[in-house]
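Chemist: Sequence:
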Amino acid sequence: MAIPLPKPTQNPVPSTDIRDHVFAGAKLDEFIHSLAEQFIDRFGNGHYTLEGIKNITLQTIYNLGFNPKGSFQSGALLTAAGDIIQDETNLVWYRWDGIATLPKKVEPGSTPSTTGGISKGAWQPVDVSDVLRRELLGNSGASKIGVMPQGTLAEMQYYVTPDQFSSLSPAGKYVDENTDFTLPVRAAIRYASENPGIYVRGTDKVYLISQAEIFVGVKKITGLKLKCSSKNGVMLYSQIDSGHEGLEISDCEFNANGNARGAILLSGVNNGIVTRNKVYGFNADGTERYGIRIGTTSTTSLNSYNTISENHIVMPVDPDGGKGTIGIAGIYVVSPVFTGQDGMVDWDQSYKTVQYTNIFRNICEGGTHNILTIGLFSADISENYLIGGTHRNINLSNGSERVSVRNNNLINTGSAGVIFGDCRFIQIIGNYIQSSLTAAYTSDDAAIQFAQSSYNVDVFNNTILGDWKYGIHIFNSKYVNIKGNSIVASIAGIAIESSQSLTLPNDAIYSQRRNISTGTTGETSFFSISGNTFTLGPNACSHYLCQFANVVLANIFISDETINNAGNSRHVIYLCNANSLISGIQLSSVRAYDASETKYYSAAGRIPFKSIDNVTGLEDNTREVSFSGDQSPSVLSGPNIYISSGTITTFDDGINGQHISIRMAAGVVILNNASYIRLKGESNITSTSSNSILNLERRAGVWFEVSRNF
Numbered sequence: 005m006a007i008p009l010p011k012p013t014q015n016p017v018p019s020t021d022i023r024d025h026v027f028a029g030a031k032l033d034e035f036i037h038s039l040a041e042q043f044i045d046r047f048g049n050g051h052y053t054l055e056g057i058k059n060i061t062l063q064t065i066y067n068l069g070f071n072p073k074g075s076f077q078s079g080a081l082l083t084a085a086g087d088i089i090q091d092e093t094n095l096v097w098y099r100w101d102g103i104a105t106l107p108k109k110v111e112p113g114s115t116p117s118t119t120g121g122i123s124k125g126a127w128q129p130v131d132v133s134d135v136l137r138r139e140l141l142g143n144s145g146a147s148k149i150g151v152m153p154q155g156t157l158a159e160m161q162y163y164v165t166p167d168q169f170s171s172l173s174p175a176g177k178y179v180d181e182n183t184d185f186t187l188p189v190r191a192a193i194r195y196a197s198e199n200p201g202i203y204v205r206g207t208d209k210v211y212l213i214s215q216a217e218i219f220v221g222v223k224k225i226t227g228l229k230l231k232c233s234s235k236n237g238v239m240l241y242s243q244i245d246s247g248h249e250g251l252e253i254s255d256c257e258f259n260a261n262g263n264a265r266g267a268i269l270l271s272g273v274n275n276g277i278v279t280r281n282k283v284y285g286f287n288a289d290g291t292e293r294y295g296i297r298i299g300t301t302s303t304t305s306l307n308s309y310n311t312i313s314e315n316h317i318v319m320p321v322d323p324d325g326g327k328g329t330i331g332i333a334g335i336y337v338v339s340p341v342f343t344g345q346d347g348m349v350d351w352d353q354s355y356k357t358v359q360y361t362n363i364f365r366n367i368c369e370g371g372t373h374n375i376l377t378i379g380l381f382s383a384d385i386s387e388n389y390l391i392g393g394t395h396r397n398i399n400l401s402n403g404s405e406r407v408s409v410r411n412n413n414l415i416n417t418g419s420a421g422v423i424f425g426d427c428r429f430i431q432i433i434g435n436y437i438q439s440s441l442t443a444a445y446t447s448d449d450a451a452i453q454f455a456q457s458s459y460n461v462d463v464f465n466n467t468i469l470g471d472w473k474y475g476i477h478i479f480n481s482k483y484v485n486i487k488g489n490s491i492v493a494s495i496a497g498i499a500i501e502s503s504q505s506l507t508l509p510n511d512a513i514y515s516q517r518r519n520i521s522t523g524t525t526g527e528t529s530f531f532s533i534s535g536n537t538f539t540l541g542p543n544a545c546s547h548y549l550c551q552f553a554n555v556v557l558a559n560i561f562i563s564d565e566t567i568n569n570a571g572n573s574r575h576v577i578y579l580c581n582a583n584s585l586i587s588g589i590q591l592s593s594v595r596a597y598d599a600s601e602t603k604y605y606s607a608a609g610r611i612p613f614k615s616i617d618n619v620t621g622l623e624d625n626t627r628e629v630s631f632s633g634d635q636s637p638s639v640l641s642g643p644n645i646y647i648s649s650g651t652i653t654t655f656d657d658g659i660n661g662q663h664i665s666i667r668m669a670a671g672v673v674i675l676n677n678a679s680y681i682r683l684k685g686e687s688n689i690t691s692t693s694s695n696s697i698l699n700l701e702r703r704a705g706v707w708f709e710v711s712r713n714f
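Residue numbers for the sequence shown follow the working numbering, so the first one is 5 and each next one is one higher.
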């Protein structure tokens, strides 16, 4: 039964007036059932109905953004008011308005009409801009933005920076260069490894890290400024056997901060490049240090076609003053080397884990070794500036082959500018090798030094100057070409020795005692030496050949050599022949300015020589060697001999094929003897004037008269 709605009172709440009770009951019905969003109370104030509360709540949810769940055609499950679904036929998005009936399941192949219709309480279309805003805010938002000429913004995202992962740092953000940023740097590298086409790029900030692994898949790390916090850490490293292809590390700055063992260590890298990086800040505390390293001791890894170029590496001062007790290398390239029971390289079983490497245009300062390699296969080391290394500046160690060391500048080197042992197919060409220091070990004080059965070595057109004891020093090596070098030395310009030992022959005056036990028994032979120029100290020798320890030294061809100040040096050619195993020495066109016969020494005379031709002071047509009262003068020097007095029974120190021209003073006698000197008519000669000249040729160990002028 309907009754008129009474006019309510203005009594304060709560009111006991019956009129207010009837009015309140009507308003309760309006609150629950009205589709209007508000109703008016007895005081004239507006309040939300249930419908109004629902709409406000939904709008709040919608303002937070819609959540795309799929399409009618593919099927979806909607569980919340903000879930939406798309009709792919017209690209319209819909929300389910029947909140009370959620979750709403949509079977694949549906449409809005077949799943409830489009009406109040059913499907309601939504503004697509809300959907887009939500998607753009998501992790995949960049993939929703198209670009010209083709593709999406995500496809144009090239790099990530550690700052994008700053929340992972202990501080939750970057504060300064002392903020531990190890985790953000690692996360950036990890992200780049998992997202092809993305690389890691630094900012102008310096990131403090312990160390970070370079994960497989990373293609480029550039512009990072790193400072090391971990004692003996390696700032960027990879120690896998294979997997990196085309990795680039460029334009980075590595501050070892007195902590790091190394800046970069790479393994398992092919076609990689490490370029334009700065490396500095190492401490020298008795621990091995290196700037940039490729290769490990793994026998199964492979590193090929890699380039190290245009980096600037500063290593600490060697605390041992050049003794090399602890290796401190600017660039370190290492492969394990297979050696036999004799300690020598077994080339047939070589591991060759580092192949086809280019090291060029780097600046390496300080340390012991500017460039240190072991077991390197096929490499080019060129155009580097190597400054102030104290011990073996370019050290190929052992097991390296097919390596070209060319056009490098070695400045203020400490010892052994370029050195190797038990290597093969090595070229040392066009290098500038200068020293102003005295080496810690005199035995290592050589611009170029190699030994221990090295073979097929070319040493061409190098400039060697400064405080070097030896220009080029060689032991136990074969098939060596030494040509066109300019050499300054204070002991020997070129020294070639058959062995190394702590015990030396008495006349091995230019040798140094060495405690070497491997690779000292292979013969030293087949050398071609030509076109070199020497400037020597007063106690030096230009060419020193020393045979000892019962090891052969043979077949040395020396020609077209120039010794600028030979008259002021100690010797030009000096032969030590301890075991009579030196042979096949050939000399031709040696210009030793102002040299006399006293500048040549051979205890065995000419016996070790195969031929001597046009050698200043030794085989010199412009000079005459004089003897007086000697029964068997030495003809080591010739060919012109003057005998001022005495009776001659033979001429010592000659070799077959040698010609001598003898001028005799009046009264000099030369005896005919079938075993020593065979004269015309088998008669003795007595000179009657100082104009008597006799020409002899040695054959089969006997001197035969060729002609006379009397």
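I should point out that these hints are in silico values taken from the structure, not numbers from a laboratory.
Computed from a prediction, not measured in an experiment: that's the story for all the values here.
Note that beta-carbon positions come from the ideal geometry of N, C-alpha and C, so glycine has one too.
Among the clues, some could well be false.
What the hints assert, rightly or not - Simulated crosslink set (DMTMM-like; lysine to aspartate or glutamate; CA at most 20 Å straight-line): (1) Lys235 <-> Glu217; (2) Lys235 <-> Asp245; (3) Lys231 <-> Glu249; (4) Lys282 <-> Glu249; (5) Lys11 <-> Glu55; (6) Lys224 <-> Glu314; (7) Lys231 <-> Asp324; (8) Lys282 <-> Glu181; (9) Lys11 <-> Glu34; (10) Lys229 <-> Asp180; (11) Lys73 <-> Glu34.
To be verified - Across the chosen pairs, the derived CB separations fall in these ranges: (12) Ser615 <-> Ser694: 28 to 38 Å; (13) Glu92 <-> Glu55: 25 to 35 Å; (14) Asn695 <-> Tyr436: 47 to 57 Å; (15) Ile22 <-> Leu81: 50 to 60 Å; (16) Pro174 <-> Tyr436: 35 to 45 Å; (17) Tyr52 <-> Glu92: 33 to 43 Å; (18) Lys177 <-> Glu55: 44 to 54 Å; (19) Asp208 <-> Ala104: 52 to 62 Å; (20) Asn583 <-> Val710: 18 to 28 Å; (21) Asp350 <-> Asn583: 20 to 30 Å; (22) Tyr445 <-> Asp350: 20 to 30 Å; (23) Thr690 <-> Ser593: 31 to 41 Å; (24) Asn543 <-> Thr626: 23 to 33 Å; (25) Ser630 <-> Asp350: 39 to 49 Å.
Chemist: Within 23 to 33 Å: is that where the Cβ-Cβ distance between Asn543 and Thr626 falls?
Modeler: holds, 27 Å
Chemist: So the hint says 25 to 35 Å: do the beta-carbon atoms of Glu92 and Glu55 match that?
Modeler: Check passed, 32 Å falls within 25 to 35 Å.
Chemist: Hint check: Lys235 vs Glu217, CA-CA at most 20 Å. Holds or violated?
Modeler: holds, 16 Å
Chemist: Next pair to validate is Lys11 with Glu55; report whether the Cα-Cα distance is within 20 Å.
Modeler: Since the Cα atoms of Lys11 and Glu55 sit roughly 26 Å apart, the hinted pair is violated (cutoff 20 Å).
Chemist: Take the C-alpha atoms of Lys224 and Glu314, compute the straight-line distance between them, and say whether it is at most 20 Å.
Modeler: holds, 17 Å
Chemist: Between Lys231 and Asp324, is the straight-line Cα distance small enough, at 20 Å or below?
Modeler: violated, 27 Å
Chemist: Taking the Cβ atom of Asn695 and the Cβ atom of Tyr436, is their distance within the range 47 to 57 Å?
Modeler: With a Cβ separation near 55 Å, Asn695 and Tyr436 satisfy 47 to 57 Å, so the hint holds.
Chemist: Please check whether Ile22 and Leu81 have a Cβ separation lying inside 50 to 60 Å.
Modeler: holds, 52 Å
Chemist: Holds or violated: Lys73 with Glu34, Cα cutoff 20 Å?
Modeler: With a Cα-Cα distance of about 36 Å, the restraint between Lys73 and Glu34 is violated, given a limit of 20 Å.
Chemist: Does the beta carbon distance between Tyr445 and Asp350 stay inside 20 to 30 Å, or does it fall outside?
Modeler: holds, 29 Å
Chemist: For a C-alpha distance cap of 20 Å, please report whether Lys235 and Asp245 respect it.
Modeler: violated, 25 Å
Chemist: Take a look at whether the Cβ-Cβ distance between Asn583 and Val710 falls inside 18 to 28 Å.
Modeler: This hint is violated: roughly 34 Å between Cβ atoms.
In this structure, the hints that do not hold are numbers 2, 3, 4, 5, 7, 11, 16, 20, 25, in rising order.
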